[in-house]
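*Asks:* What follows is each chain in one-letter form.
Number of protein chains: 2
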Amino acid sequence: MSSSKTVRKLQVVSPVPADIDIANSVEPFHISEIAKELNLSPNHYDLYGKYKAKVLLPVLDELEGAEDGYYVVVGGITPTPLGEGKSTTTVGLCQALGAFLDKKSFTHLIDGAAMSEIFLDNSVDLTTVVTCVRQPSQGPTFGIKGGAAGGGYSQVIPMDEFNLHLTGDIHAITAANNLLAAAIDTRIFHESTQSDKALFNRLCPPNKEGKRSFCDVMFRHLKNLGISKTRPEDLTPQEVKKFARLDIDPNSITWRRVMDINDRFLRKITIGQGPEEKGMVRETGFDISVASEIMAVLALTTSLTDMRERLGRMVIGNSKAGDPITADDLGVGGALTVLMKDAINPTLMQTLEGTPVLVHAGPFANIAHGNSSIVADKIALKLVGPGGFVVTEAGFGADIGTEKFMNIKCRYSGLRPQCAVIVATIRALKMHGGGPEVVAGKPLDHSYVTENVALVEAGCVNLARHISNTKAYGVNVVVAVNMFSTDDETELNAVRNAALAAGAYDAVICTHHAHGGKGAVDLGIAVQKACENVTQQLRFLYPLDISIKEKIEAIARSYGASGVEYSEQAEKQIEMYSRQGFSNQPICMAKTQYSFSHDASKKGAPSGFILPIRDVRASIGAGFIYPLVGTMSTMPGLPTRPCFYDIDLDTSTGNVVGLS
Amino acid sequence: MSSSKTVRKLQVVSPVPADIDIANSVEPFHISEIAKELNLSPNHYDLYGKYKAKVLLPVLDELEGAEDGYYVVVGGITPTPLGEGKSTTTVGLCQALGAFLDKKSFTHLIDGAAMSEIFLDNSVDLTTVVTCVRQPSQGPTFGIKGGAAGGGYSQVIPMDEFNLHLTGDIHAITAANNLLAAAIDTRIFHESTQSDKALFNRLCPPNKEGKRSFCDVMFRHLKNLGISKTRPEDLTPQEVKKFARLDIDPNSITWRRVMDINDRFLRKITIGQGPEEKGMVRETGFDISVASEIMAVLALTTSLTDMRERLGRMVIGNSKAGDPITADDLGVGGALTVLMKDAINPTLMQTLEGTPVLVHAGPFANIAHGNSSIVADKIALKLVGPGGFVVTEAGFGADIGTEKFMNIKCRYSGLRPQCAVIVATIRALKMHGGGPEVVAGKPLDHSYVTENVALVEAGCVNLARHISNTKAYGVNVVVAVNMFSTDDETELNAVRNAALAAGAYDAVICTHHAHGGKGAVDLGIAVQKACENVTQQLRFLYPLDISIKEKIEAIARSYGASGVEYSEQAEKQIEMYSRQGFSNQPICMAKTQYSFSHDASKKGAPSGFILPIRDVRASIGAGFIYPLVGTMSTMPGLPTRPCFYDIDLDTSTGNVVGLS
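Going line by line, the protein sequences match chains L and W. For the first sequence, our numbering begins at 22 and goes up steadily by one. For the second sequence, our numbering begins at 22 and goes up steadily by one.
Take these hints with a grain of salt, some might be off.
To be verified - List time: in silico DSSO-like cross-link candidates among lysine-lysine, alpha-carbon distance up to 27 Å:
1. L/289 x W/299
2. L/57 x W/341
3. W/57 x L/71
4. L/218 x W/463
5. W/218 x W/71
6. W/262 x L/463
Read the hints as simulated data drawn from the structure, not as lab findings. On a predicted model such as this, the values are computed, not experimentally measured, just so you know.
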């Protein structure tokens with residue numbers, strides 16, 4: 022299925038230069054070359070410039086019946102605020118699998134001579150691998166965090182295009198989300214100033230022959246109301262009222278506006294203060310765009326038809342009588358689908374070593390499930406074919422990210438992973454073993470940069486629980502220790518031993534940040550063996566047909582909790598969603614990633630605590646209920662000196678500078 | 022320079038089908054074929070799918086020294102609220118020039134036989150023509166107005182891509198505009214909670230060696246402050262304060278947030294009501310994205326370097342001491358440029374008959390200048406070459422649109438038009454002659470659809486004033502009467518006679534809506550002759566070096582006003598901008614398009630009125646002062662039954678349905 026043509030040999034420099042400098046030092050392949058390696062012909066994709074292409078959904082129909090490759094998910098231990106290199110490991114692993122492993126002979130080719138041969142001799146059949154990652158939000162790129170394309174010699178390139186507009190998917194989500202928001206407030210406004218009859222006449226105006234009719238989307242609304250009549254003139258006055266007056270309860274509206282900017286001053290606002298809005302003010306707010314339910318829909322949808330249905334059934338709040346109001350009730354489900362019709366196609370890019378990447382969707386890992394799209398994974402699995410690999414990343418620690426990957430994403434996709442990688446660092450393990458607090462922007466304590474095996478060993482309880490939780494899904498678990506230059510051999514061995522003792526299939530040390538794919542060859546081999554030797558079936562943590570509370574409690578137990586405590590508000594919401602018929606959805610916990618528990622300061626593997634559920638919300642279009650464990654910020658802010666100070670365009674070359 | 026290869030012969034149907042049905046009935050040429058006709062090679066553009074490409078700015082450098090083609094601007098008489106077909110005429114004229122006129126022999130080829138020959142015989146050398154139009158806002162597409170791709174058999178295709186995301190330029194503007202907005206409020210917040218020293222330490226933190234430094238954008242801020250020191254440690258405490266504390270007066274902030282959605286509830290809002298914002302609430306609001314100053318910058322910029330400068334010097338308000346605060350003072354000018362780096366490349370599309378179109382920028386014709394970009398026009402003029410045509414549209418009536426085209430756009434570009442088209446309809450002329458009010462959505466009065474030469478003749482005073490105003494710029498004026506099926510021969514002749522009497526170079530009847538380019542062949546010939554026979558130099562209505570008030574008064578006289586009246590607020594602003602050194606900017610009047618005067622009900626050619634200036638604002642980055650004549654809405658709303666009710670995706674074909 023593949024040849025060696027697009028492999029790029031990296032000239033590695035030490036110490037590792039800045040990410041943008043590495044990214045800019047490489048001339049990417051034209052994306053049509055990457056596509057060709059995947060056996061995609063030009064009618065399978067749309068180019069977006071020279072280094073990005075959208076792979077078109079009909080590819081899936083064409084490949085129906087073809088066999089899938091291996092499916093690998095990369096999660097992590099409970100991280101420090103600095104991040105433990107999950108994206109970097111995902112990319113590095115793929116560079117190793119795709120640029121260093123010989124598919125046929127199952128040997129690896131890591132010395133320069135062998136690599137040179139690859140360029141001369143097409144008989145070496147490299148393994149086909151696709152990396153599936155989320156599109157990062159543009160907000161943090163200009164704020165504190167910087168970009169999200171991996172790092173060092175394991176990156177997705179062009180790094181600036183990856184971190185900025187990409188192919189416009191997040192912009193499409195912003196537009197769709199806010200069109201729905203505008204539709205809600207304007208509808209309330211028009212209903213407040215018009216009689217039932219006037220509303221009805223405006224919604225179903227007579228044509229030139231004086232005949233009224235329902236348009237397509239109105240039949241969806243009628244169905245939700247339980248009205249099966251097809252002609253406007255047949256509706257009773259009571260039905261006219263039900264049809265024309267949604268009677269939205271302003272206090273029940275859960276739909277907020279979004280923006281892909283860190284704009285903290287929009288977290289809570291009052292709208293409708295213009296004189297023409299006649300005093301219909303309302304408190305609401307903006308979230309960052311990736312927190313939109315539409316992003317979660319994009320990540321979980323499986324086809325255009327499925328997306329149309331999901332967008333139409335998104336619930337924005339209730340009527341005053343307590344019935345859910347959907348996007349289709351507002352007449353806007355079709356328009357939202359039109360705005361999202363190109364966004365459903367994943368974007369093809371490449372790693373530094375020329376292996377293919379599908380970038381698609383970026384649901385917030387807080388209040389959504391934090392995994393890239395089902396559509397991209399499905400396409401990728403067909404494209405790599407048997408013996409090939411699709412590696413995808415799950416956001417946050419494995420307690421949230423991998424759990425949601427399994428119980429939400431795989432449940433909806435029907436796909437079955439063979440292997441789960443858990444990324445660990447000595448730094449984070451030391452923190453879990455009792456090391457001092459790690460704070461972004463402050464120098465690390467001495468204990469983190471000098472040998473301290475005791476701290477590491479103590480911290481392995483965190484890793485061990487992630488391993489046993491992940492193993493319970495029926496996959497083989499491979500631990501990847503993302504090595505830093507300050508790490509000590511005995512520390513690394515301690516982790517390896519602890520991982521194997523906790524049931525990991527293998528545990529390997531990686532240096533892909535410093536060396537690219539070459540630094541993750543051992544990981545690649547371990548992952549390949551893990552995939553080839555999977556013995557169990559996928560098992561979910563909970564079935565869908567138990568109550569909302571039972572599902573929450575099953576997840577809480579996996580955190581180590583001995584019980585769950587619901588606020589009055591949470592009880593009320595659970596009761597309402599159950600009454601509205603939404604109790605059969607999977608659960609998407611909104612919890613801190615900095616601890617197994619709800620309390621970020623509880624490191625290691627806490628147990629015996631009571632998990633408090635503050636509130637419960639629903640993303641009915643995306644298809645999950647999300648309990649809030651504590652308060653989740655859905656709109657980041659800017660610091661005094663945001664990243665944007667350093668970002669500029671070199672107008673002589675057109676290159677971006679200062680992006681980190 | 023061109024061959025006949027990409028000409029498409031239309032099969033015209035009567036009565037004219039719906040716009041989307043005509044658009045969908047044609048399979049567009051791959052955009053690379055259109056590009057090839059313009060002698061563009063693949064490295065000159067980036068594909069965005071199959072039917073759109075961004076023409077890259079370096080093309081301009083490559084073509085430097087090449088001769089320009091003819092430059093034609095299309096304006097209109099004072100319109101009815103229904104619009105008089107200015108875009109449709111722009112497209113139809115180009116279809117006529119590009120698909121029907123033989124460049125060499127100056128004959129037109131309108132019968133079927135001749136057209137068939139074109140397909141067989143490449144010896145016919147068709148004239149090269151490029152249409153330059155604005156990108157429409159997505160808001161109205163889902164609101165009342167519907168799309169803006171022209172209409173009938175004179176359209177830009179694919180019509181759905183034109184009306185929706187296109188290549189993301191408006192989304193880039195939204196992102197850049199709102200990043201600046203977030204930077205403003207967050208800066209005020211951080212200044213309110215930190216000492217001068219703390220602010221300075223955060224802005225210029227020490228590196229690992231303990232050394233502080235200014236980043237590039239800070240030197241721009243220092244320059245604005247008149248500080249020429251280059252090392253942070255050399256600043257006096259007074260200079261540290263000046264540097265670190267912008268001291269923005271919240272009441273002076275003119276920078277608003279934007280969204281490309283008709284969301285009336287965002288017109289006036291209160292932000293900062295979250296508990297973490299500590300009570301720093303402020304009243305502000307959202308405009309529609311095309312009203313952003315960044316859109317005006319995009320339209321008026323001439324290069325990447327120029328755009329960087331303009332974005333950096335945009336003024337967002339004043340310090341409490343009354344000094345202007347710019348985007349660069351906030352450190353964000355470079356990041357804005359990075360967000361806009363792809364948007365500066367115009368998007369190549371095609372007309373129904375396969376002639377090339379450059380879509381670029383869409384500045385609001387209310388508070389900005391309402392003309393497509395300088396960059397697109399410049400590229401197009403080089404690409405068509407001598408004897409070729411670039412036809413561009415100016416928004417609103419010629420009193421605003423053509424006036425701003427000449428005095429703002431041409432002044433900044435240095436380009437010189439040879440011909441100005443003025444589009445008129447019998448309907449609008451009857452209104453100016455005293456016909457009853459024309460209201461969108463209500464049936465037209467009888468007098469508009471039956472012969473009434475007297476009304477038409479009376480209404481020609483409006484046309485006559487537009488002709489004489491436009492002629493004064495030194496261009497030849499061609500009147501295009503956009504014919505409706507209800508128009509009468511004697512009415513049409515009356516307009517022709519009146520136009521010639523008022524000094525028009527020619528006046529012709531067009532049926533391009535019903536017949537495509539074939540229906541505008543006479544207009545094409547008239548425009549060609551007008552371009553070839555221009556005898557005068559371009560003259561501006563006012564020089565830049567007179568006072569703001571003198572410039573406003575010169576424009577007011579062109580409206581027929583006998584004087585200008587300034588509100589107290591307007592006087593204050595004029596005084597401030599003059600003091601800040603901004604009085605040498607051109608003037609961009611924000612006035613209703615429905616009358617020469619400020620009063621939309623005054624039809625025909627009113628005179629002797631006093632023009633009231635309510636307020637005066639400035640777009641310093643774009644480069645104009647804009648006086649507000651009355652109240653301009655910068656955020657449209659949605660009606661009870663918005664267009665979105667009919668818009669959906671046919672998920673079996675992927676086609677958009679219901680777009681109008």
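*Asks:* Would you mind marking each hint as holding or not holding in the structure?
*Replies:* Each hint tested on the structure:
This hinted pair checks out: residue 289 of chain L and residue 299 of chain W have alpha carbons roughly 12 Å apart, not beyond 27 Å. Distance restraint check for residue 57 of chain L and residue 341 of chain W: the Cα-Cα separation of roughly 60 Å exceeds the 27 Å cut-off, and the hinted pair is therefore not satisfied. At most 27 Å may separate the alpha-carbon atoms for a hinted pair to count; residue 57 of chain W and residue 71 of chain L meet this at roughly 18 Å. For the hint linking residue 218 of chain L to residue 463 of chain W, the alpha-carbon distance of about 19 Å falls within 27 Å, and the restraint holds.
For a cut-off of 27 Å, the pair hint linking residue 218 of chain W to residue 71 of chain W is broken: about 55 Å separates their Cα positions. A distance of roughly 25 Å separates the Cα atoms of residue 262 of chain W and residue 463 of chain L; the hinted pair therefore holds under the 27 Å criterion.
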